[in-house]
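> If you want the building blocks of each chain, they are given just below.
There are 2 protein chains.
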Amino acid sequence: MISVEEATRIILSNRYKPETVSVALEQAGNAFLAEAISADRDFPPFDRVSMDGIAISSAAFAAGQREFVVDGVQAAGVPQKRLGSGTHCLEVMTGAVVPEGVDLVIRYEDIEIANGKAIVMSDEHFRGQNIHSQGADVRRGDVLLLPGTLLSPAEIALLASVGKSKVLVRRYPKTAVVSTGDELVDITATPEEHQIRRSNSYALAAALREAGVSPGMFHIPDQEGRLRDDLRGIASDHELIILTGGVSRGKFDYVPAILQELGVEMHFHGVAQRPGKPFWFGTAKDGKTFFALPGNPVSTYMCLYRYVLPWLRQSMGSTTSPLTAFLAEDFTFMPIVTCFLQVRCRVADGKLMASPAPGGGSGDFANLGQVDGFLELPAESTVFRAGDVYPYVPFRLLE
Amino acid sequence: MISVEEATRIILSNRYKPETVSVALEQAGNAFLAEAISADRDFPPFDRVSMDGIAISSAAFAAGQREFVVDGVQAAGVPQKRLGSGTHCLEVMTGAVVPEGVDLVIRYEDIEIANGKAIVMSDEHFRGQNIHSQGADVRRGDVLLLPGTLLSPAEIALLASVGKSKVLVRRYPKTAVVSTGDELVDITATPEEHQIRRSNSYALAAALREAGVSPGMFHIPDQEGRLRDDLRGIASDHELIILTGGVSRGKFDYVPAILQELGVEMHFHGVAQRPGKPFWFGTAKDGKTFFALPGNPVSTYMCLYRYVLPWLRQSMGSTTSPLTAFLAEDFTFMPIVTCFLQVRCRVADGKLMASPAPGGGSGDFANLGQVDGFLELPAESTVFRAGDVYPYVPFRLLE
Chain A
1 MISVEEATRI
11 ILSNRYKPET
21 VSVALEQAGN
31 AFLAEAISAD
41 RDFPPFDRVS
51 MDGIAISSAA
61 FAAGQREFVV
71 DGVQAAGVPQ
81 KRLGSGTHCL
91 EVMTGAVVPE
101 GVDLVIRYED
111 IEIANGKAIV
121 MSDEHFRGQN
131 IHSQGADVRR
141 GDVLLLPGTL
151 LSPAEIALLA
161 SVGKSKVLVR
171 RYPKTAVVST
181 GDELVDITAT
191 PEEHQIRRSN
201 SYALAAALRE
211 AGVSPGMFHI
221 PDQEGRLRDD
231 LRGIASDHEL
241 IILTGGVSRG
251 KFDYVPAILQ
261 ELGVEMHFHG
271 VAQRPGKPFW
281 FGTAKDGKTF
291 FALPGNPVST
301 YMCLYRYVLP
311 WLRQSMGSTT
321 SPLTAFLAED
331 FTFMPIVTCF
341 LQVRCRVADG
351 KLMASPAPGG
361 GSGDFANLGQ
371 VDGFLELPAE
381 STVFRAGDVY
391 PYVPFRLLE
Chain B
1 MISVEEATRI
11 ILSNRYKPET
21 VSVALEQAGN
31 AFLAEAISAD
41 RDFPPFDRVS
51 MDGIAISSAA
61 FAAGQREFVV
71 DGVQAAGVPQ
81 KRLGSGTHCL
91 EVMTGAVVPE
101 GVDLVIRYED
111 IEIANGKAIV
121 MSDEHFRGQN
131 IHSQGADVRR
141 GDVLLLPGTL
151 LSPAEIALLA
161 SVGKSKVLVR
171 RYPKTAVVST
181 GDELVDITAT
191 PEEHQIRRSN
201 SYALAAALRE
211 AGVSPGMFHI
221 PDQEGRLRDD
231 LRGIASDHEL
241 IILTGGVSRG
251 KFDYVPAILQ
261 ELGVEMHFHG
271 VAQRPGKPFW
281 FGTAKDGKTF
291 FALPGNPVST
301 YMCLYRYVLP
311 WLRQSMGSTT
321 SPLTAFLAED
331 FTFMPIVTCF
341 LQVRCRVADG
351 KLMASPAPGG
361 GSGDFANLGQ
371 VDGFLELPAE
381 STVFRAGDVY
391 PYVPFRLLE
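The listed protein sequences correspond, in order, to chains A and B.
Throughout the first sequence, residue numbering follows my numbering, covering 1 to 399 in sequence.
Throughout the second sequence, residue numbering follows my numbering, covering 1 to 399 in sequence.
Where hints are given, some of them may not hold.
Just so you know, same-sequence chains aren't split out, so a pair can sit in one copy or run between any two.
Said to hold, decoys possible - Keeping only pairs whose Cα atoms sit at most 20 angstroms apart, straight-line, the calculated EDC-like set for lysine to aspartate or glutamate is:
1) K277 <-> E109
2) K166 <-> E19
3) K251 <-> E112
4) K288 <-> E19
Derived by calculation from the structure, the hints in this document are not laboratory data.
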């Protein structure tokens, strides 16, 4: 059995190497960028009016002039106009090009317009006011986004502004979620007394979909031959294979042996943690990655959020570091293994406060509906004090 | 002009009333539940083996017996077996029914098996050990999930376990994103010098898709007639209409007048905030909701995350409260309006630390790629101190 730290190190040193794929901008949300994006123009691309009002010469204003004949209107989306006389003005609209011959925009709130003349009612005006200068934010050629950036709506807007209707992103691995266990029946079936419905694979698939991956879902009975044949087929069609169940010390836990038969190199089997001790991890020579998660629902869930999803994100280019949270109440845990404590987590006065809600053990997945994530309590200690700060693995958004 | 608090109150008292719709469980992630979900069986539905090992009678063990003849195997997914003799044992697998006649499971790590006999190597064993009792977590009929619950992967697993292959969820409003502004050209076009490409509508659409909504996207030029006709058509086909641009004091800002012409009741126009002052909000008698956001990109973005998305989530049933964060550096802001300060936000030692990164104003959307959210600095103050805590509006996941 290895430590949580060692398991993390091994997993993260066996990352997936994503290919790139071109997608429509509308489909690029939540993807990781695979190209550097530069500005094709200055931002703004011209001296831009940033308030509705009138545009005048600041020299005329400084010389004491307060009344300006309105020559016309410079609307947004119209080529640049020219002020006829240095003592006149143009009405200008937000987003318009600043007309030639002016260098000050005074907003409507500060003027009155009557009989074709604008009268300025206030004095605190200066050259450049309400003008967003060409290139003030970004210069043409500046790098806007680097490869590996996760594309949130803000980045989507930037990509739109430089005309990237198609964008190169990193392709997520083709992923299979594979459940095993003869006690599991389909969710549309009525289970016999000794059976339960599959639920782990639905949780795994839903979490992967949130992360941007659309996995295939498979179930294999606990029969050595079936497991060998089915897994061989699934492995040939997928790059990331996430199994749940069949990985412990039971008589029908064939998964580790069969994966090795299929040529998958085992990196570890067993991690000093609760839940999730029987966790198995391996890779194949062709770069395919196999996470075999313990079948107890809470174990499956913890391993997914603590190991699989960070591996996936870091493989795609993410460089984010783990969260931390305050333990809100004293907690005691005797075994000398890392404890992934189920917690409710709230932000109170700027602090992440994690309240223990351990539930009934690794089989009690009803409890997962009541909590928000896992607080990672280190193996070396047994008594954990309210107010201490520990790594926090969220599986639900902060509220 | 009204305050941010008043604008919030008005918006949230005009919620959308969602209909319910039945969706396949695989499609229910990120949706809000529209029905109460009860347990159709106890959880676990039977006394369940929670460790691989042997099952024995605790009375025999308490009487000093340490060697047990192995009668056979109780696998998972197989009907309950019966222990032939009170002094024998059965091998039992995780997930199996606890056989009749036993009440203690001892894991393989604590025994040795040879010549058809299991010898227990340790003494600390007790009745019920490694048995997850029927109904320990949930009783048949217990309510597992209430209407209004946001369905994360944990809830999806619960729904699977009770056989909900189809689930009633609240239907998101049919949504239109409408940009206006004659300076805007399609992202596939090469803009003239006085033009820029549309980007706001892409940001809005991407953020809505993250929230679970697939909006239609429309662009209308700044012409009164076109705006009236197109908006009438869009309003007839959609329930939530989010406009960007055309809402300020410019000569071609027809949006507020035309919405009122179309029978939309204006609730406010103008909020004491920066950015986003010209923000307009209205509703129609038939329940349709209109957010007309200022066209400056940062204003659009702020209003979306501060007003539109919380309105949407609360309409669907969410009861979450806003986040708060520590201001990481002193900041000064003179105007007597609420300042939505762009910040980078990191969790350090359990605290959300928000560092000011104000960028170049409401037109500088390149800056949005560098920040994580808005810190909401109240209108009454002008000097904000490092270490103070304020409401935090994230638009990017915490890292």
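> Taking the hints in turn, state whether each one holds.
For each hint, the structure was consulted:
1. K277 <-> E109: Classified as between: cross-chain Cα gap 13 angstroms, same-chain 68 angstroms, threshold 20 angstroms.
2. K166 <-> E19: within (16 angstroms within a copy, 35 angstroms between copies)
3. K251 <-> E112: Cα proximity of K251 and E112: across copies only (14 angstroms, versus 88 angstroms in one copy).
4. K288 <-> E19: within (13 angstroms within a copy, 44 angstroms between copies)
Comparing the model with each earlier hint shows no violations; every hint is respected.
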